[in-house]
Amino acid sequence: MTLRDVINKLLGRQPASANTAKERLQLVLAHDRSDLNPELLQQMRREILEVVSRYVEIDIEEGDVTLETEDRVTALVANLPIRRAKLPAPSPEASLETKVGS
Amino acid sequence: MAAASTRYILICSGKGGVGKTTLTANLGIALAKQGARTAVLDADFGLRNLDLLLGLENRIVYTAQEVLSESCRLEQALVKHKQEPNLALLPAGNPRMLEWLTPDDMQKIAAMLGEHFDYVLIDAPAGIEGGFKNAMAAAREAIVVTTPEVSAVRDADRVIGLLNSEGVKPIQLVLNRVRPKMMANQEMLAVSDVTDILALPLLGLVLEDEQVIVSTNRGEPLTLNGNGSPAAHAYTNVARRLQGEDVPLIDPSKERQGLRAKIGRLMQTKIF
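Chains as they are written, first to last, in the working numbering: chain S, 1 to 102; chain P, 1001 to 1272.
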């Protein structure tokens, strides 16, 4: 934060726009470069969370899957806080066998 | 003559109106003044303007179209600049050329120019469609022009993606229409913001300069008469860097002197 930002905040003014421009650009370029539209990204995000939550209990509210870009390389970054590992669930075959056996 | 050492440079931006044609005209004159035999090729067939900025619009007899259809020789179509005979323009033909022109045609024209010139500067059209792809086919390296505005930077990024996928390199950046005061107030993207986002080396930094409009009114590029305006200086330096000279870039924050500028710099310091 710069001195100007502090003064702007104290006076209740809008912060300088250059930083807003940079952040908006970085976001839009990450999408442009990966050629993923927002719906596709949303769908991928849901599916990733679904897969991961089969193995560990994750904090869905805190979890985030985003595109980040640096030096013209775009990366998919998943930040998924784990509450705890799930106990291995009985496999479908195992439960079937139990049924047959009983 | 020395076709192997000829440099074929595409001047492009994606977005229109950021200063491609102005850069092409000024760079052409500056290189010619420095002794390099330079051809400028107007590849914007739809909306040609390079002739107008160079003040050569009344001297066009033939264009790239007649050269390609072999109804004239290359030498007949080239328009030599009166004051700067090292510079010649190959004018764009009729907009209807867009219907049949191919990347091969552009390569053919560029190769013909390469036999007579050290530099072939190709003024690309705005956009990323067919016309741009034709122009790109004629180039080996590129200069991307942009301004510190979100739309111009975004479009530049698209163009850089296309240049990368075609193997055009090096790609260098010219940042145009920089306003030091707005940058100091953090109301304009900083130079480092743009170079970081686009990940390109900076070949030149041109300050916003009213003289550019005056020069286009007259059809005399600023680099022609060296009137000492900031933009003229910047364009000349771009040419010198292209030639391999090590010329330091200006620092926009140092362009402003006095107490106000000092306070401005103080306000920019990070405190936490």
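Treat the hints as calculated values from the structure; they're not laboratory data. Being a predicted model, the structure only gives us computed values, none of them experimental. From the three backbone atoms N, C-alpha and C, an ideal C-beta is built for every residue, glycine too. Treat each hint with caution, since some may be false.
Stated by the list, open to error - Here are some of the chain S residues that sit facing chain P, going by a computed Cβ distance under 8 angstroms: (1) 13; (2) 17; (3) 18; (4) 49; (5) 53.
How the hints compare with the structure:
no.: 1; hint: 13; verdict: violated, 12 angstroms
no.: 2; hint: 17; verdict: holds, 5 angstroms
no.: 3; hint: 18; verdict: holds, 4 angstroms
no.: 4; hint: 49; verdict: violated, 29 angstroms
no.: 5; hint: 53; verdict: violated, 35 angstroms
Going down the numbered hints, you'll see the structure goes against 1, 4, 5, while the others check out.
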